[in-house]
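Visitor: All chains, please: the whole structure from these sequences, using the hints.
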Amino acid sequence: MPRLVNLQPNRGGTLTLGVLPFLLLLAAYLLGSNARLTDNADDKLLPSMTTLVTTVHQYAFEEDRRSGEVLLWVDTLASLKRIGLALGISAGIGMLCGLMLGAIPYVRALLAPFIAAVAMIPPLAILPILFIVLGLGEVAKVTLIVIGVAPILIRDLALRAAELPAEQLIKAQTLGASSWLLSTRVILPQLWPRLIDALRLNLGCAWLFLIAAEAIASTEGLGYRIFLVRRYLAMDVILPYVVWITLLAFSMDWLLRAIRARFFPWAEVT
Amino acid sequence: MPVVTVRRLWKEFGTQVVLENLNLTVDEHEFVTIVGASGCGKTTFLRMLLGVEKITRGELLIDGQPIASEPGPDRGIVFQRYSLFPHLTVLQNLMLGLEFRDARVLGRLFGTARRRALDKAQSLLDAIGLSAARHKYPTQLSGGMQQRLSIAQSVIREPKILLLDEPFGALDPGLRADMHEIILKLWSANRMTVFMVSHDLQESFRLGTRLWVFDKLRHDQQAPDAYGATVTYDIPLNGRRQAAMPAPAVLATA
Ligand SMILES: Nc1ncnc2c1ncn2[C@@H]1O[C@H](COP(=O)(O)OP(=O)(O)OP(=O)(O)O)[C@@H](O)[C@H]1O
Ligand SMILES: [Mg+2]
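Taken in order, these protein sequences are the chains called D and Y.
Here this note's numbering is used: position 270 in the first sequence is 270, and no number is missing along the way.
Here this note's numbering is used: position 193 in the second sequence is 193, and no number is missing along the way.
There could be a bad hint or two in this list.
[Claimed, not checked] Residues from chain Y shown here face chain D by an in silico Cβ test under 8 Å; the list is partial: (1) 52; (2) 72; (3) 73; (4) 75; (5) 77; (6) 79; (7) 82; (8) 85; (9) 86; (10) 87; (11) 91; (12) 154.
[As the list claims (entries may be wrong)] Far from chain Y, some chain D residues (derived; all Cβ distances over 10 Å): (13) 41; (14) 105; (15) 108; (16) 117; (17) 200; (18) 243.
The hints are simulated quantities; they were obtained by calculation from the structure and are not laboratory data.
All C-beta atoms, glycine included, are put in the ideal place defined by N, C-alpha and C.
Guide: Following this line, the structure appears as structure tokens:
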């Protein structure tokens, strides 16, 4: 009998094993829901599959009676716009500052302590300030995410730039690279894969900030909807929305990974 | 005029004397091989020639001028490892020096300039036998291939001086013989002056036109750091090869 650490599941086995926890969770839910509903037909905590399907259909495919909009798509679009914009801005700031911090010692001396301090501010603690200063509109929500994510990206990318072997930078200079060319052709291209990794790791944070901001001040968005229907204990709305958000975040993660593999094959571990 | 002049050169790290009182002149197109015990300051000497290590006392001149305080295209370097750019293919690694030279803003060449650079890179690729691997990334190359590429990459800018720090240290003997052919070919095509650190005496005798042995002249058992190494032997080699040098112009197309 080989050691457990040497036993590898085959492809089918890997797939089955991967799906198993999801199925178990689903089964547990159905059992629990069934038990509670037989106990009390008006129970709201674990709605039955039929209720869930009806609600999902109503939110995803029917126009809302009051607004005439299909709520799930309106919410999804609003949220994705906010998080996409915020992540894009964060990535831009992260790359630019990370590169300059990593490449230019004077910039590092000037900004590294400041950014280290800013990164320690709990973003949710300054959310009220953002709402007061920037109003309750989109800007405040996007800014919250940027404030939460950008400093982490900057620090991570600056670290990565500093990690590049000194030999490489010396070699580039012996090939005649100026500071500009050294930054744009040697350091920057090697930061892209790390940027994607850092974004993937920060997706959870970004969604957290988004939902927090939407919960407090918004008129549409996935976070807004969840907190709106909470008042009516509408678990049949909340649960599908949570699953949907998870699915969206998961897809973004997968997309980023695919981009990395496609455009930066040299950075894949072999 | 000698290419490199060393006069009463000292190097100290804090209280540790690493190199003491070096006095040497090196002419154009010499091939200096350097041997010496581990930790005696060979790499430090190359780093001073490169301009990344400060001189404590004395003079280190290139063409009669004090050495620039940062690395430049007149002095190429091949380290033992880490000197390739992992995000560039073999061909792109080779082209980089030409792009740095001719495209100061974008760092990329287009049109005829690019074609000329490609031609030059291609002839070098042929010379080092890496044509078939030109679209591979460095991590996909063997150690020997990486070092060949690293040497060619440094040579493409036609540096006046080429510094090699144990470039073949990690390679097996069969591969080394091939590498020796390549380095001699590039050296004679280019009229550069080469400084090569090696731990392999046989290699040093075979390649060099001149061999330096770095060693300490004085020892103090109580204070091992009190005295530094200097060049204790300076041996001329391969006199015949030194005399007749013009060779196939691998790099004639600029
Ligand atoms: N940055 C540094 N700070 C302090 N001491 C240093 C530094 N760099 C080198 N040294 C010391 O200088 C001495 C010479 O180092 P060097 O790397 O030049 O040796 P070397 O001859 O190249 O050895 P090897 O053959 O093992 O590569 C060593 O004793 C080392 O400890
Ligand atoms: Mg050394």
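Visitor: Beyond 10 Å from chain Y, beta-carbon-wise, is residue 200/D?
Guide: About 19 Å separates residue 200/D from the closest Cβ of chain Y, which puts it past 10 Å; holds.
Visitor: May I ask you to test the interface hint for residue 72/Y with respect to chain D, counting a Cβ-Cβ separation under 8 Å as satisfied?
Guide: 7 Å, holds
Visitor: Please verify that hint: residue 77/Y, Cβ, nearest Cβ of chain D, below 8 Å or not.
Guide: For residue 77/Y, the interface hint holds, since the closest Cβ of chain D sits about 5 Å away, which is under 8 Å.
Visitor: Please verify that hint: residue 52/Y, Cβ, nearest Cβ of chain D, below 8 Å or not.
Guide: 6 Å, holds
Visitor: For residue 105/D, is the shortest CB-to-CB distance to chain Y above 10 Å, so the non-interface label stands?
Guide: 13 Å, holds
Visitor: Quick check on residue 79/Y please, does its C-beta sit within 8 Å of some C-beta on chain D?
Guide: The hint holds - residue 79/Y has a Cβ within 8 Å of chain D, the shortest such distance being about 5 Å.
Visitor: Should the interface hint for residue 91/Y be scored as holding, given a Cβ-Cβ cut-off of 8 Å against chain D?
Guide: 13 Å, violated
Visitor: For the hint on residue 154/Y, does the least C-beta distance to chain D fall short of 8 Å?
Guide: 7 Å, holds
Visitor: Non-interface claim for residue 117/D: all C-beta distances to chain Y beyond 10 Å?
Guide: 32 Å, holds
Visitor: Could you let me know if the closest chain Y CB is still more than 10 Å away from the CB of residue 41/D?
Guide: 63 Å, holds
Visitor: Using Cβ atoms and 10 Å as the threshold, tell me whether residue 108/D really stays out of contact range of chain Y.
Guide: Per Cβ check, residue 108/D is outside 10 Å of chain Y; nearest 18 Å; holds.
Visitor: Identify whether the interface hint at residue 82/Y stands, where standing means a beta carbon of chain D within less than 8 Å of its own.
Guide: 4 Å, holds
Hint check: a violation occurs at hint 11 only; the rest are consistent with the structure.
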